[in-house]
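Enquirer: Take 1 as the starting number for the sequence shown in the UniProt record's numbering and just add one per residue.
Bear in mind the hints are in silico, worked out from the structure with no lab data behind them. All values derive from a computational prediction rather than experimental measurement. It cannot be assumed that every hint is accurate.
Derived BS3-like pairs (lysine-lysine); straight-line CA-CA distance at most 30 Å [said to hold, decoys possible]:
#1 K74 x K117
#2 K67 x K107
#3 K107 x K60
#4 K74 x K60
#5 K74 x K107
#6 K116 x K74
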Amino acid sequence: MSVTRTEDEAAINAVLGATYRAWEANDADAFVAHYNEDATAILPGSLRGSREVIRESMAKGFEGMLKGSSTYNKQLSLRFLGDSAAIVVSESGILFAGESEVPDARKINATWVLEKKDCSWYIAAYHNSAMLAPAH
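Throw the hints in and build the complete structure from the sequences for me.
Expert: Below you can see the structure in the form of structure tokens.
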């Protein structure tokens with residue numbers, strides 16, 4: 001059976017959706033369920049070099065300043081690199097408990113790198129950086 005790009009896009013979006021829902025549930029184990037064992041996450045000031053390090057960091061966050069938070073995510077693009085890799089670029093931000101909007105000053109640009117293995121998609125790398133607010 002041949003898998004179409006539409007099916008791959010749906011599978012990638014399902015992986016990201018599950019990751020976003022895990023954040024909303026403040027569930028670090030579910031958050032990394034679709035990460036490669038050797039995944040990397042680069043955020044301003046930190047490098048997390050494995051799924052376990054990412055899980056530990058998220059668990060600490062969910063017990064502390066991220067408790068009760070969720071995320072805002074707007075996919076800007078999804079493109080494929082051959083048959084088994086894809087890059088998703090999104091505008092994102094953390095919604096802290098009680099917030100309904102992410103202030104522009106806290107929005108970020110995020111890049112997700114996904115790899116297809118054994119007919120499933122996994123997160124291989126994640127990176128984010130601050131998004132500059134539009135000049136007025």
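Enquirer: Hints numbered earlier in the text: which of these fail when held up against the supplied structure?
Expert: none
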